[in-house]
Each structure stands twice: as C-alpha cells, then as structure tokens.
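J.: These are the residues of each chain, in order.
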Amino acid sequence: MRNDILILKYGEVVMKGLNRSYFDSLIIRRVKQLLAECDGSFKLDYSQSTLMIQGDDDADMEDAAERMKRVFGIAAVCRAWQCEKSLEAIQATVAEHIDELIGDAKTFKCDGRRSDKSFPLTSPALSAEVGGTVLSLKPYLKVDVKNPDVVVRLEVRDKYAAVHGGGEKGAGGMPVGSAGHGMLLLSGGIDSPVAGFLMAKRGLTLDALYFDSPPYTGEAAMEKVETLAKKLCAYCGRIFLHTISLTEIQETLMSVCDERLFTVLLRRFMMRLAEMQALDVGAAALITGESLGQVASQTLMALSITNSVPEVLPVFRPCIAMDKEDIVQISRQIDTFETSILPYEDCCTVFVPKHPNTRPTMERILEEEAKLDIEGLCKRAFETRRHKKIMG
Amino acid sequence: MAVYFDNAATTPVSDGVKEAFISALSLYGNPSSLHGAGSAARNAMEQARHTLASLAGCKEEEFYFTASGTEANNTAIFGIMARKAKQCRRVVLTDSEHPSVTECVRALEKNGARVVLIPTKGGAVDMGTLEKALSKKTALVCVMAVNNETGALYDLKGVRSLIDKTGCGAHLHCDAVQAFMKTPGTKRLLRSADTVALSAHKLHAPRGIGALIVKNGVSLPPYLYGGGQERGMRSGTENVAGAVAFATAASEYTEEKLATVSAVRNRIIDNLQKAGNVGFNIPAEHIEGILNISLYGIKSETALNCLSTEGIYISASSACSARKGVSSVLTAYGLEREGLLSALRIGISPYNTVEEADALCDALIRARERYGRI
Chain S
12 MRNDILILKY GEVVMKGLNR SYFDSLIIRR VKQLLAECDG SFKLDYSQST
62 LMIQGDDDAD MEDAAERMKR VFGIAAVCRA WQCEKSLEAI QATVAEHIDE
112 LIGDAKTFKC DGRRSDKSFP LTSPALSAEV GGTVLSLKPY LKVDVKNPDV
162 VVRLEVRDKY AAVHGGGEKG AGGMPVGSAG HGMLLLSGGI DSPVAGFLMA
212 KRGLTLDALY FDSPPYTGEA AMEKVETLAK KLCAYCGRIF LHTISLTEIQ
262 ETLMSVCDER LFTVLLRRFM MRLAEMQALD VGAAALITGE SLGQVASQTL
312 MALSITNSVP EVLPVFRPCI AMDKEDIVQI SRQIDTFETS ILPYEDCCTV
362 FVPKHPNTRP TMERILEEEA KLDIEGLCKR AFETRRHKKI MG
Chain R
944 MAVYFDNAAT TPVSDGVKEA FISALSLYGN PSSLHGAGSA ARNAMEQARH
994 TLASLAGCKE EEFYFTASGT EANNTAIFGI MARKAKQCRR VVLTDSEHPS
1044 VTECVRALEK NGARVVLIPT KGGAVDMGTL EKALSKKTAL VCVMAVNNET
1094 GALYDLKGVR SLIDKTGCGA HLHCDAVQAF MKTPGTKRLL RSADTVALSA
1144 HKLHAPRGIG ALIVKNGVSL PPYLYGGGQE RGMRSGTENV AGAVAFATAA
1194 SEYTEEKLAT VSAVRNRIID NLQKAGNVGF NIPAEHIEGI LNISLYGIKS
1244 ETALNCLSTE GIYISASSAC SARKGVSSVL TAYGLEREGL LSALRIGISP
1294 YNTVEEADAL CDALIRARER YGRI
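Residue numbers (this note's numbering), protein chains in the order written: chain S, 12 to 403; chain R, 944 to 1317.
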C-alpha cells in the first residue's frame, strides 16, 4: 500500500461562517472533477480545513498534484507521506524519505503540529524527537530554527500523521461557482482570458461570448478562441462558448457612421449583445479584459460611454489597473499567451479606423447612433448565435 | 466538389500513387530481414531509390530516404556543422529560406555560429552580397532551389560557381522541396549542391516520406542511431510503401503534366489581368506551379475565408509560416504594405483544370467586390 498522499490546505474559505459547508462542497466537487481526469482512483478525507487525497497503486500523484494547484479555494498543495499516529511511525517515515526531505540542504528544522491534542507528545517535543532522528541519519546537518534551508513538517491529525517538506502555493481565491455566474467577452487577445481567469478565481463560473465577423474572420480565429476557452476550463471547469456574428453591424457602422467613432460604437453594440446573451443564460455579470488607457477604446471617456450601455448587469474589469506586462505574466502562467498572440484577424482588428477618437462624447455617440436601427441590428446579430460546450 | 489551389502546401494523393502505395502495403517484410518477405520489401525499396536517384540525377548510394523534407534539412545542416572545424563557423543563407532551414540556423547561432543573410529582393539571390560573405570561415551556404511563397527559381549554378571561384570550400546545401520535378532542368539544378533535401507530399504522394541527397565525398554523421538502416545514416525500419509512393509520384510528374500547370497558370493570369488592380508578384526566374498575387483592396485572410466557404482553397503565405503573421519572405521579396496585406499564394498542380482556374478567379473577384475594404 503506497503511503504518499496529497494534503490540500484551504484558503480564504476558512473565514466563512455558517455557510462554510457550501464553500467546502464546491471545492470538493472541483477536486473530484479534476481527479477523475487522472490515472488511478482516489480517496478523499476531509477534516480541519484540510483535504487529504490518497491514491491507489495506479494513481499518478504527480499529475494529481499539478491539477490540484489549479483548484480555486486551495491555498497550498503538499505532497506528503502518511503514517500511523505514533512517534515511532513518524520517525520511521522520516527515515524512509530522508533524502527527499533534506535534499542538499545544510541546515534544517522540524516543525511538529498536533491538531489531535490527545497525542502524547506536545508539538515542541515531537519536533525535538524527530529532529534527533534526522541528525542521527544526517550527522553533517545543523539545526537552524530561524532560517533553515528546509523544514521537515510533521502533522498529527485526527486520523493519521503526515510528514512533508512544505507545500507549493495553490491557486488561492474562492471556489468556482461560489460567487455566481459571469459572461466573459472573449476576444482572442491576451487580456480577456486573463480577465476570465481572475474572475473565476473570485468564484465565478463562466460562459464566454466571442464575436466573429465572417468572412473577415475565419475558422482559424474561431479555433484559437476555442483553444483559449479550453485552457481556461483547466481552472474553472466547463465553459459554454457562444458566438455572435458582427459582420452586418460592422459594415453598417463603416458605411453610415463617423469612422473615428467606429470602435466605441462597435463596443457599445458588443455590450448590448453581451447583456442580451448573459440574461438569456442567467449570467449575473459581464467580464471584459479592458485596461485603462491601453488602447483608444479604453480611455476613461470611451469606457464610461461603453459602460453606460448595460442596463441591468455590472461589468467586471479585473485588468483595469494592470500594466500590460502584468497581464502578460498571468497569461503565461495560465498558458494562454502563446495562443493569444497567434496573428489571425479577429472582429476588433478587421476594421480599424486610422485616427480613432480617444475623447468621444456621449452627445456625438448618440448622434451617430440615431442614424442606425439599433434594435434591428441587434436582433439580427443575436439570431446568428451559435453555442459550443468546451471542456478542459 | 472542392477546388484545391494550395498545392505548394501539400497535394492530394493521386490515384496512381494511391494504388502503388496500397499495393506496397502488402510488402509486410522488414527490408533488413533475410527471408523472402524481407527481400521483397527490400527490392521494392531499392527500386524506388533507383527511380528517384535517376530522376534527381544522382547515384543510388547518394540517395537517403528520410521522413520529411524538414528532417532532410536538419540532417544536412546540423551534420555539416558538426563536421566543420571550430574556426569555420559562418553560415550564409538567403533571407527567404523555409523555417526548417532558418530554425536550424537559429539554433546554430545560439551555439556560436555567425550568420549572414543574403537578400533575395525581386526573387533573385544577391550575388554581390553572397560573394562578400564567402571566406575560409564560411562553413555552410544554404540556398533553396525554389521559393515556397513566390515560386522564385534561385540561381544555384551561379551560387556554386561563386563558391568554387572564391575557393572558400563552403558546403552548399539546397532545400529543393518545391523544385523537385517542378521544372524541366531539375537534374542539372540539383547537381550544383553538395546536399539536397526533397519531399514527396508536394508531388501528390502521402506525407511521411522525404529524402536527402548527399554527394559522394561528403561525410555526414548519422542523424538517427539504431539498426543502421539507410547505410547507417538514418536508422529506423524503412517506410517501404512511402518510398514506393514517392517514386511513383515523381515518375508521374512528366513534362506533359508541367504543360498543364502552365496552361492553368496562364488562364489565372489572363482572368485576373482582365479584372484589373491585381499585382503579380512573379520573379524573373520562377516555376509555373506557384503564383503569388496581390489582390489589391481585400485583405488576404478575408479573401481566403470567402473562398473557403465556397470550397475553394488557397493560402495567404506558406502554410509553415501562416501562424506567424506577415510573411517575411514577401517582405524580403520587396512587397510594400498594400501588396503584403492582400498577398495570396496559388499553388497549381497538374490535376487542376482551366475550369477550376475560372472558378477561382470568379470567386476572388466576387470576394473583392463584396468585402474589399483596404
């Protein structure tokens, strides 16, 4: 029987009160979803804000650990060795894995924690005893309690004891689904997948809305967006990807309206359609990748004009205060960057005015919109909707 | 029924090749085995080598099968550089080579090689710059026979003469994937290079088979180690059916077939000339099977998408660089912004017809009329 396990430490959800069990159940559901994709079968044991995962002999624990790092709500993921709750068993486990625990460190300390207060040794006494074991096995080591190269962690829990060398950082945030459901405007660029990731991290499940513009945009751009959605699924579970064609709206704007206002006028249409789609599927917020001042349509004036469109839903813009470099860093971390920079046309690059107006006024926008049959354009665009379920 | 004009990317397998390929799949023996089944497979393999070597104007012992043109380029470039002395680290290549050459050279550069790019503006190798780049330090010169985006036929013979004249002793490697059997003078052309990369799937054969010609006297280290197949150069149980298909496809590419290609090409040019406002990016020396145009007024991707919805397939640039944005090859050729944005590559095969040429041009013009924006 293998004794290596995963210990997942819960993050912010531990602050929750009476509704705590709801948050816990969402974490466990997501953990089970991800483990179902791993080789082997797994047993879960939850107690004291910690989830212990034990795999059978076929289980790929490394793969499981990697996947657990993508579960929102988890603060740390530790690969540990489980043993019986006795000093002798803990010492034997440390001895068995001494090389993996110490590596090439020169200094160490043992950090014993007993949440089971009936365990006969106090935490400091446990640390001291096992510290002695480590020193007898690696006599060249020195104990350094303030700044050790490695910390050998000893946890005495309700049903078992565990030994590990500390955990890796988890995804943090709140469990997916705990905050409701949002509609991500997914463009194919760098920012929108990051925006989706950040809001999923705060507990939203996602639907995504992509605007295409056939034949100006093609299959390759669509496949690119599907790939991005799939990469997001690794964090937030399944995504329903909706696609609406903007061709007629874009062509009408180009032929009827002031070209300098094209982008802002188009974004207002996107917001109208996004809100229609969000309400249709029960999403309670819109999510965009806008970042203040990044491009002409994201100046404060342009944003406030775009922002005034949704009548019911809030618009979340988690990238609003981020530098491009910071957004890129997250996109690399979630593995969307390389896909985002593929050079296919998307609906935002098809018609780009030579000199966009960066200080549009609502008055001018309304003047231009008065030339349009907004309701008819939206209705016909909405009829082009297609849907696809994307799985991680 | 699809109209396929992307034959520079890859080609559909022809009926004759399909038949030969399927028949060769029955040769189940391992060509290295000593029994009858092995012997039958070995004979088919060697017959294919004989046919191909004869078409390429080389000796059978100079002809090595690989899995692709990319593998052949990798084998030659890394192999030659491994054989060259430490002080001889300069690599000279044109600015319009295929990524399977440029990426090898980029890797060599990271390991200390000095790289010199030779301009190919207008589709011709700049011989003046090349001459200046040749010295005793020059280990390798890479010049493709035919450019995959413009169809430019580069002057390999002239490059060979320059190398010989300077006496620098540089190795000349030629990526001839787009050239083999596509121009009447293939044999003469390929004789100029020390190593030559070939691929079957541009000739209506399946993917997964290519070749490297290594002239006698040139020594390369093995690319894949193992059972010693391909005379120790490229271990791995041989792709017998692939080799047979390659030989059949090359044999099918007769001069009559090239004439069909020319007829279809001329029809496309005539049609588009009549339509007007089209740039023909045709180098002085070129093959007939690749026609690069700029359909002014409509972005390449939009034209491509329009045609695709009608089941007509062309490309905007090489399939191997379509994921990288604006074509560096066409920039090197000298196209300006408007020409670049609207550039289209039409890859013509002997199996295309003039009716297909008409359908293609008709669709292109309609697409521009309806969706032209630039």
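Watch out, some of these pointers could steer you wrong.
Said to hold, decoys possible - Cβ pair distances, simulated, as ranges:
| hint | chain 1 | residue 1 | chain 2 | residue 2 | range |
| --- | --- | --- | --- | --- | --- |
| 1 | R | VAL1161 | S | LYS180 | 50 to 60 Å |
| 2 | S | ARG396 | R | MET944 | 22 to 32 Å |
| 3 | S | VAL292 | R | MET944 | 35 to 45 Å |
| 4 | S | GLU336 | R | GLU1198 | 44 to 54 Å |
| 5 | S | VAL363 | R | ASP1213 | 52 to 62 Å |
| 6 | S | GLU336 | R | ARG1131 | 51 to 61 Å |
| 7 | R | PRO1164 | S | ALA106 | 44 to 54 Å |
| 8 | S | LYS399 | R | VAL1161 | 48 to 58 Å |
| 9 | S | GLU230 | R | ALA1218 | 44 to 54 Å |
| 10 | S | VAL363 | R | ALA1218 | 19 to 29 Å |
| 11 | R | SER1178 | S | VAL25 | 54 to 64 Å |
Everything labelled a hint here was simulated from the structure, so no lab data went into it. Remember, predicted model here, so these are calculated numbers, not experimental data. All C-beta atoms, glycine included, are put in the ideal place defined by N, C-alpha and C.
J.: Which constraints among the numbered hints does this structure fail? Numbers only, ascending.
T.: 4, 5, 9
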